[in-house]
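Undergrad: With the hints as extra help, turn the sequences into a complete structure.
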Amino acid sequence: MNGPTPFWLSAVYVALVFACAVGLAAGFRALLALAAPAGLARTLRTAPLTASFGLLVILVYVIAALFAPLIAPFGEREVVGGQFLPWDSVHLLGTDNLGRDMFTRLLYGARNTVGVAFITTGLAFSAGAVLGLLAAVVGGWLDQLLSRTVDVLMAIPALIFALLLLTILGTSVVNMILVIALIDSTRVFRLARAVAMNIVVMDYIEAARLRGEGLYHLILREILPNAAAPLVAEFGLRFCFVFLSISALSFLGLGMQPPTADWGSMVRENATLITFGDVTPLLPAGAIALLTVAVNFVVDWMLHRASGLKE
Amino acid sequence: MVARRLGLGVLTLFVISLLIFGAVELLPGDLAQEILGQSATEETVAAFRRELGLDLPAYQRYLAWLGGVVQGDFGTSLANGRPIADLIGVRLGNTLFLALYAAVIAVPLALMLGILAALYRNSLFDRAINVVTLTSISFPEFFVAYILIVYLSQTGFFPSIARIDPDAGLGEKLYRTFLPALTLTLVVTAHMMRMTRAAIINLLASPYIEMARLKGLSPARVILKHALPNALAPIINVVALNLAYLITGVVVVEVVFVYPGLGQLMVDSVSKRDITVVQAAALIFACAYVLLNLLADVLSTLSNPRLVHKR
Amino acid sequence: MTTAEQTPLLEIRGLRIEGRSEGRWSEIVKGIDLTLHRGEVLGLIGESGAGKSTVGLAAMGFTRDGCRISGGSIRFDGTDLRSAPIRERRRLRGNRIAYVAQSAAASFNPAHRLIDQYCEAPVQHGVMGRAAAMADAVDLYRRMRLPDPEDIGFRYPHQVSGGQLQRAMTAMAMSSRPDLIIFDEPTTALDVTTQIEVLAAIRDIVEQFDTAAIYITHDLAVVAQMADRIKVLLQGEEVEEADTETMLASPRQAYTKSLWAVRSHARPERPPAGPEETPVVSVRGVTAGYGEIPVLHDVSFDIHARRTVAVVGESGSGKSTTARVITGLLPPSAGEVLFNGTALPPSYRSRDKDQLRQAQMIYQMADTALNPKHRIREIIGRPVAFYLGLSGKRLTERVRELLSLIELEPDEFIDRLPSELSGGQKQRIGIARALAAEPQFIICDEVTSALDQLVAEGILTLLDRLQGELDLAYMFITHDLATVRAIADEVVVMKEGKVVEQGGKTEMFRPPHDPYTELLLSSVPEMDAHWLDRLLAERGEVPAGE
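Protein chains in written order, with numbering that gives the first Met the number 0: chain L, 0 to 310; chain C, 0 to 310; chain Z, 0 to 545.
Calculated from the structure, these hints are not laboratory results. Even for Gly, the Cβ is constructed at its ideal location relative to N, Cα and C.
Partial list, derived from the structure: chain Z residues whose beta carbon lies under 8 Å from chain L:
1) L355
2) T367
3) L369
4) N370
Pairs of lysine to any residue residues, derived as SDA-like cross-links and limited to a Cα-Cα distance of at most 25 Å, are as follows:
5) Z:K392 - L:E212
6) C:K271 - L:V172
7) C:K224 - Z:A130
TA: Structural data, given as structure tokens:
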């Protein structure tokens with residue numbers, strides 16, 4: 000790439016990319032509707048294009064993450080040539096600051112970055128949701144204790160708290176997972192508790208309590224089915240937040256450590272290229288953005304459906 | 000009501016200071032040993048411990064630390080032995096300047112767009128803005144920042160490195176920090192606009208708005224006289240939440256643009272494990288965050304006639 | 000009264016309105032004609048889903064979000080409201096046509112004082128200046144018999160009680176001296192004793208200013224007091240229309256007749272239980288409350304097998320709190336609850352399975368009483384499995400039996416979700432769930448107040464039949480004396496957490512009464528166009544403003 004791209008050309012690029020996205024999304028939606036069973040098919044056919052685009056992107060990322068070693072032309076940490084080589088037929092996207100294949104590292108990044116974000120979200124979500132539901136159902140001192148603790152933890156901005164904890168614990172992937180999971184579980188707790196609180200006041204819960212049902216039945220059979228939709232949406236949103244936090248930490252050099260291929264650190268390592276007008280370092284950042292956009296689109300659709308059905 | 004909230008705010012600040020101090024106490028092993036490394040002799044470690052005051056009981060050290068902080072004395076940096084107050088002083092001002100700059104652009108912009116989207120909800124404008132904001136929420140801050148650099152800095156419009164000279168005039172300062180401020184604006188506006196839209200739509204569904212329309216009032220009067228006074232509380236909260244979010248966003252943006260702010264200092268100190276500096280920075284960020292939320296709560300209490308005019 | 004030669008004030012012809020649900024448009028008003036002359040009051044009655052409010056709003060040229068007018072014409076004093084530009088319609092609203100909403104508490108803007116909201120329409124429409132409007136407000140507040148008319152306008156909505164707010168809203172509707180006011184169920188949310196005052200005030204003011212009105216309600220007795228003519232709607236279509244006297248005396252259509260008949264339903268009282276018989280439930284000197292403030296004071300009454308005790312009172316009288324004490328949700332601070340002569344543990348947590356099984360509850364809102372994610376099979380089957388240990392085929396068999404008992408076809412209903420049932424069917428499922436535990440005693444908490452009259456009637460008949468077949472004791476919580484008349488054997492009247500009076504139903508409905516019971520009984524509107532006049536005369540109240 001030589002020199003800055005003129006504005007009009009970028010506008011054409013954006014329009015082209017947009018058109019392709021719309022086309023792909025429409026095609027994918029039709030395909031899904033054909034493949035799915037009757038009931039689901041109707042839901043899918045009425046899905047907005049943004050949602051089917053989101054689903055398509057997520058599918059592509061999952062495939063990339065699962066089959067990275069099979070697709071990738073080189074090894075994750077393999078030095079294959081000179082530094083900052085331009086794009087060509089061997090190194091599709093050139094090489095990075097140490098001469099590793101950019102395309103290969105992007106694929107492995109899907110596995111590492113998305114995988115770690117997924118594990119972290121899972122941890123945060125299970126801890127937060129279980130405690131949140133429990134606090135709402137049991138109430139009393141347990142609720143007070145958990146809620147006040149969460150209040151205090153949430154009084155410190157998330158990234159700042161993460162930085163503080165990472166200084167104390169030292170920067171490593173495991174520590175980062177634990178720290179982010181802890182911080183985000185407080186947000187999940189808030190939501191799960193609020194959702195469950197709205198359900199707990201319903202007469203059918205009172206009826207179940209008066210019947211003599213135990214905690215297990217109350218939470219699993221009576222509350223959870225009704226809380227499922229907002230909780231699934233929260234999982235999606237939470238994933239986005241976690242994913243962005245992890246990327247930010249890695250970008251700051253405090254998350255995943257080299258030589259692991261990770262999108263956040265890839266941006267950081269190759270940032271110097273940007274000042275020479277090369278957009279390659281934007282690719283991993285774009286990869287992060289694209290997945291978050293996709294998940295947000297799908298969650299937005301789900302939330303819209305959940306609220307629309309209530310009317 | 001307000002007094003109670005203020006009291007709660009002070010309590011929160013106290014608990015946070017305790018938490019930030021206590022977290023360091025949880026550090027596995029010995030701070031002095033940690034800093035000096037395994038090669039240090041027994042005597043040097045012991046001397047260093049005395050110098051840090053580590054031989055005193057925890058509560059005494061906490062009181063001494065808190066007493067110092069209240070008077071603006073944050074102790075000395077472990078990395079270079081300089082007083083932290085000196086390190087922080089100018090940088091804090093820079094960070095506040097940047098955050099304020101972004102807020103001044105973002106708040107009116109977001110409120111205006113949010114109200115417009117709520118008024119013309121489900122129109123093409125609303126849908127387009129929904130997709131655009133959802134997309135920009137999903138972008139990591141550094142992605143936005145680098146895109147701006149590619150388009151606005153490579154083309155020579157604005158500098159990509161926001162070094163500022165303390166003696167520079169305001170115009171010069173605004174010009175040099177335009178890109179970081181724009182990055183923050185873009186990230187925060189989307190959030191704030193979506194929340195404003197949701198708050199207004201929620202309000203427009205209430206019976207008293209229908210009543211106002213049935214009185215034959217003009218749409219502008221319905222919004223300004225009937226919706227807005229009631230939307231004040233939610234909007235204040237939206238703004239506060241997003242200004243608080245600016246604080247976290249500032250960290251990453253400062254690193255990208257090499258801006259000499261508090262965020263960059265904190266990130267540097269985390270990598271150096273300069274705990275006393277991290278402690279001080281975390282405390283300042285957390286206080287700003289708590290105070291913003293406190294201010295929002297007090298303002299929204301004052302805007303609610305139910306709470307101001309008792310029965 | 001007006002004559003037919005005059006041009007009508009409002010003329011609606013073949014009005015069709017569509018509503019959108021789940022992305023599809025369907026007709027909710029199917030060709031309504033309506034004619035209203037100056038100074039005339041038209042009563043619009045019907046059950047839920049009749050389209051009354053939709054028609055009322057359409058008379059202002061207004062539709063709610065998600066609705067659209069798809070056919071017909073609306074002419075107000077020569078202006079076609081369908082084709083008139085929005086500006087012109089806006090000039091009529093709040094000026095020549097005003098609206099009084101069901102819930103004044105929600106329809107007043109919480110951020111402004113009452114008087115500012117009063118002045119808004121006349122000032123904005125240029126009817127009068129602000130100072131004149133404020134003086135006028137005080138005058139109208141006085142005519143509406145609001146206490147403290149000089150100052151009440153300077154309060155915020157949350158500082159004024161429900162009945163007063165409703166009167167303030169009527170005053171506000173009058174502020175521009177409109178030709179037409181739409182009253183949309185203005186007294187539905189109020190207690191009976193408050194309702195009287197509001198009805199009287201509304202009627203006076205409408206008469207004084209000779210304003211035309213459309214009075215929308217589901218309560219026949221109320222509309223009989225207010226309207227010159229009555230129009231009955233059913234599912235968006237007109238059933239019949241006649242002047243009030245004719246409509247009350249001789250309705251023509253079967254649907255209208257059935258609505259009328261429900262009102263007169265009454266069951267004879269069963270003979271009281273003998274003194275030697277142990278009551279199923281005995282509430283003894285119960286005092287209870289939330290936190291420091293006691294809500295119940297020394298409440299005592301007995302409920303015997305095969306008998307129905309109606310607990311009557313207005314909102315805040317403590318009738319639901321009594322139920323919470325009996326079920327063990329709220330342990331009393333003094334007194335006890337005996338079951339078949341043995342004291343129950345105060346909290347439901349310490350009661351054993353059998354004690355819990357014996358006392359069941361049916362709720363007011365069937366919507367929130369059934370778990371929306373459970374199928375009928377599970378809703379009814381769970382107590383059977385939980386208490387009686389049935390499973391597999393025998394469980395299904397029992398659920399089917401219970402469905403037949405509540406007159407729902409088992410094959411059709413057993414695998415449905417609550418969202419696939421109508422309101423009355425949901426309430427039947429609630430009954431079946433209570434019966435599934437095979438209890439001796441059931442608390443019915445306002446079980447019919449959320450239902451339309453005909454459906455409610457069906458539920459009461461069912462409960463009555465089940466009582467005979469299964470020897471049940473009922474505690475019936477209600478604010479509606481028609482329900483008491485229909486189902487009770489004994490009546491307990493409560494006020495402010497105390498039992499005011501109790502005894503057999505026949506005796507209770509016969510004077511002399513305790514003063515509060517008297518007030519309560521006399522406040523229930525009767526199906527007689529002159530009832531309100533008579534009552535006000537008896538109470539010695541002169542119409543206001545004279």
